[in-house]
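J.: Chain by chain, the residues:
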Amino acid sequence: MGAGHHHQLFRAGDTVVHRLPPQCKLVAVVAFAVVVVATPRERFWVFGGYLLLLAAVAAVARVPARFVLRRMVVELPFVLFAFAIPVIGLGERVTFWGISLSVDGLWASWNILAKATLGVIASILLAATTEPRAMLLGAQRLRMPQLLVQIATFMLRYLDVVLDAMRRMKVARESRGFQARNLRQAPVLAKSAGALFIRSYERGERVHLAMLSRGYTGTMPIYREISADVGQWLTAAALPVAAAAVLFLS
Amino acid sequence: MHVPDGFFTATVSIGAAVVAAAGVGVALRRAKQELDDRTAPMAGLVAAFIFAVQMLNFPVAAGTSGHLLGGALAAILVGPYTAVLCVAVVLLVQGFFFADGGLTALGVNITLMGIVTAAVAWGVFRLITRVARNRAAIVAGSFVAALVSVPVAALAFAVLFAIGGTAPIDAGSVAAAMGGVHVLIGIGEGLITAVTVSSVLAVRPDLVYGARGLAKPLVLRTATGEQVVTAPEEPQAKPIRPFLVGAGIVSLLLAGVVSFFASGSPDGLERVAEDKGFLGQAGDHLFGGFALADYGDVGGIPVGVAGVIGVLITLAVGLGIGYALRRRRKVTT
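The listed protein sequences correspond, in order, to chains A and B.
Going left to right, the first sequence walks through residues 1 to 250 as the UniProt record's numbering numbers them.
Going left to right, the second sequence walks through residues 1 to 333 as the UniProt record's numbering numbers them.
Because the hints were derived from the structure by calculation, they are not lab data.
Please note that the accuracy of each hint is not assured.
[Claimed, not checked] Not close to chain B: a few residues of chain A, all C-beta gaps over 10 Å, as computed:
(1) V29
(2) F44
(3) G49
(4) L52
(5) V63
(6) A65
(7) T235
[As the list claims (entries may be wrong)] If the Cβ cut is set under 7 Å, some of the chain B residues that face chain A in the computed set are:
(8) G6
(9) P41
(10) M42
(11) V159
(12) T166
(13) V195
(14) V203
Remember, predicted model here, so these are calculated numbers, not experimental data.
Glycine included, C-beta positions come from ideal geometry on N, C-alpha and C.
Produce the entire structure from the sequences given, and follow the hints as far as they go.
T.: Below is the structure:
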């Protein structure tokens with residue numbers, strides 16, 4: 001959903017988590033998410049353990065709980081959906097407070113809520129402790145195709161420019177008395193989208209020419225070599241390994 | 001709406017991730033032909049545009065509002081392969097930076113919102129603009145392409161859900177609900193896409209990928225007579241691509257419709273069973289059985305043979321398309 005995005009994603013800091021090379025953090029978070037998704041949903045305490053692990057990471061990285069909670073609004077649409085599952089689910093039913101609920105549906109609802117929440121918290125912590133540019137460099141170290149990394153780099157760099165252009169159009173529309181009331185006003189918004197596309201595309205052309213005149217040949221120079229030593233990999237592996245330990249030992 | 005972690009079983013997530021990686025790999029190669037060495041900056045700006053346009057809320061009715069998904073729009077404006085790349089990057093950024101959409105569900109999200117949407121939209125668009133090549137046909141084609149792409153993506157979601165969803169909801173009702181809601185969303189998407197394409201056509205027709213070859217030749221009128229300076233760019237005839245895309249649409253529709261009917265009758269049976277009070281003796285629901293498969297004792301990874309077969313079929317289709325495209329590329333170049 002587009003509505004929940006706002007811009008304060010990265011929290012500058014100088015902690016162990018901040019200093020870890022981005023590629024280690026990326027691998028650790030994805031591995032953690034895989035362990036979480038593979039956990040059988042009946043094991044309540046294991047999910048509690050995962051939450052404690054994430055809380056420990058947040059504490060080490062000095063990311064306040066309020067910051068994480070505020071950013072968790074992204075999850076809202078699916079939370080609403082998760083609450084609907086027990087009502088429309090199939091199978092054996094129980095009556096709870098006068099509402100007939102599906103037992104399997106309750107399990108599924110819990111499953112989605114728990115796993116989605118843990119995944120969202122892990123991503124929020126990753127974004128909060130890793131500079132966007134560093135994250136892309138990390139992805140490149142992990143052999144993500146150069147072209148994709150470059151596209152993502154340009155997207156992130158010009159995202160605010162494009163969003164600002166859109167905001168200016170909104171101000172211009174509204175200062176001329178425009179109000180979006182129903183679908184009949186949609187063509188006006190669509191024309192704004194068309195104008196925004198032309199502006200973005202033409203900006204892309206100018207950026208490309210400017211890059212060519214500065215010697216762009218299809219690859220971006222890397223000024224900061226980020227390599228990770230064994231110790232840093234082991235530090236980053238602490239999260240998924242601990243999660244797997246919680247899963248198998250409990 | 002982005003699928004979060006835990007919505008699909010691990011098998012389906014991994015299978016979809018492989019399909020998404022193969023699709024993005026094909027798109028990476030072909031996008032260079034659509035945009036030559038400008039690919040990175042142009043696709044980056046278009047990705048930022050899609051991200052921005054997804055925040056443009058338009059009112060639907062009675063206080064509810066929707067927002068553009070943008071897959072069809074991107075396919076028509078910059079070409080299907082660049083569109084897949086742009087949407088994939090938008091989803092990656094949303095997943096890793098904005099925590100929107102689960103990291104393990106990235107494959108599902110990219111497959112549905114990027115590959116399926118762009119392929120269906122471009123296929124429908126090409127079918128329509130092949131019949132008539134003028135501005136009205138392009139605008140109408142944009143409308144129909146966007147309109148069709150949204151519910152088809154929703155049906156593809158329902159098919160994945162039937163194979164390996166974690167919630168015990170009847171697959172038929174998922175397909176019906178998702179399809180129904182997304183037909184409505186698709187109408188809004190189609191309307192906005194058509195007007196957007198039309199307004200870009202009015203200002204910079206050369207930017208609309210789907211309208212290449214539409215420009216009239218530049219003619220010099222001199223005292224000695226008229227002289228054609230530039231020939232209009234003819235898009236090369238590519239007979240196999242629309243066929244492949246069309247086949248994809250047909251199979252997707254079949255899968256959606258067939259799963260709808262396949263699950264319809266056991267649902268009816270179950271209702272009868274409930275009425276008659278022998279539900280306890282009845283076997284599991286045809287698709288419910290898949291969903292229940294993640295009760296398995298092996299670390300939550302379902303061992304349901306059916307789920308694996310479904311993933312294998314999806315994989316085979318994806319790899320087959322990739323292989324066909326690659327072979328064709330070798331022949332043409």
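J.: Are the hints correct? Go through all of them and say.
T.: These are the hints, each one checked on the structure:
1. V29: V29/A is in fact no farther than 10 Å from some Cβ atom of chain B, at 7 Å.
2. F44: holds, 14 Å
3. G49: holds, 15 Å
4. L52: holds, 18 Å
5. V63: The claim stands: V63/A keeps its Cβ more than 10 Å from every Cβ of chain B (closest is about 13 Å).
6. A65: holds, 15 Å
7. T235: holds, 20 Å
8. G6: Interface hint status for G6/B: holds (3 Å vs cutoff 7 Å).
9. P41: holds, 4 Å
10. M42: holds, 4 Å
11. V159: violated, 18 Å
12. T166: At 5 Å from the nearest chain A Cβ, T166/B passes the 7 Å test, so the hint holds.
13. V195: V195/B check passes; min Cβ-Cβ to chain A is 3 Å, inside 7 Å.
14. V203: The hint holds - V203/B has a Cβ within 7 Å of chain A, the shortest such distance being about 6 Å.
Consistency with the previously given hints fails for numbers 1 and 11, ordered from lowest to highest.
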